[in-house]
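2 is the number of the first residue of the sequence shown in our numbering; add one for each residue after it.
Don't read these hints as lab results, they were simulated from the structure. Be aware that one or more of the hints could be misleading.
If you anchor each label on the Cβ, the simulated ranges turn out as follows [to be verified]: (1) G60 - T26: 22 to 28 Å; (2) N71 - Y28: 35 to 41 Å; (3) S59 - T26: 15 to 21 Å; (4) R57 - S4: 17 to 23 Å; (5) G68 - E18: 16 to 22 Å.
For every residue, glycine included, the Cβ atom is placed at its ideal position computed from N, Cα and C.
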Amino acid sequence: MSSIDEAIAEAEKYPQEAFVIGGATIYRIMLPYCDTCLVTINNCRDEADTYYPDLRASGEWEMTAEGPVNEWEGISYRFTTWKRIR
Numbered sequence: 002m003s004s005i006d007e008a009i010a011e012a013e014k015y016p017q018e019a020f021v022i023g024g025a026t027i028y029r030i031m032l033p034y035c036d037t038c039l040v041t042i043n044n045c046r047d048e049a050d051t052y053y054p055d056l057r058a059s060g061e062w063e064m065t066a067e068g069p070v071n072e073w074e075g076i077s078y079r080f081t082t083w084k085r086i087r
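Required output: the full structure, derived from the provided sequences and hints.
Below you can see the structure in the form of structure tokens.
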């Protein structure tokens, strides 16, 4: 795909959900077109240089599901689901 419009038109051809799998720029560009976000929240040990937008602070999203805290190699994380408030 070479444009957002082409990507959206292609996704609309299929009855199942389409997923955006980034990088940071792709997430930022596609977020306005999404109505659901599946976000893994983790407690990294190292400083990060890129962050996913803070959906809670935007006022446009609400967390609708939150899984239990898990741990992998000393890093705790949880899976969350967010829905756009219409």
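message: Does the beta carbon distance between G68 and E18 stay inside 16 to 22 Å, or does it fall outside?
response: 19 Å, holds
Range hint 35 to 41 Å (beta carbons of N71 and Y28) holds or violated: 22 Å, violated
Assessment of proposed distance window 17 to 23 Å (beta carbons of R57, S4): 31 Å, violated
Distance restraint hint 22 to 28 Å, applied to the beta-carbon atoms of G60 and T26: Given range 22 to 28 Å: holds, Cβ gap about 23 Å.
- prompt: Has the hinted range 15 to 21 Å been met by the Cβ atoms of S59 and T26?
  reply: 18 Å, holds
Checked against the numbered hints above, the structure breaks hints 2 and 4 and satisfies the rest.
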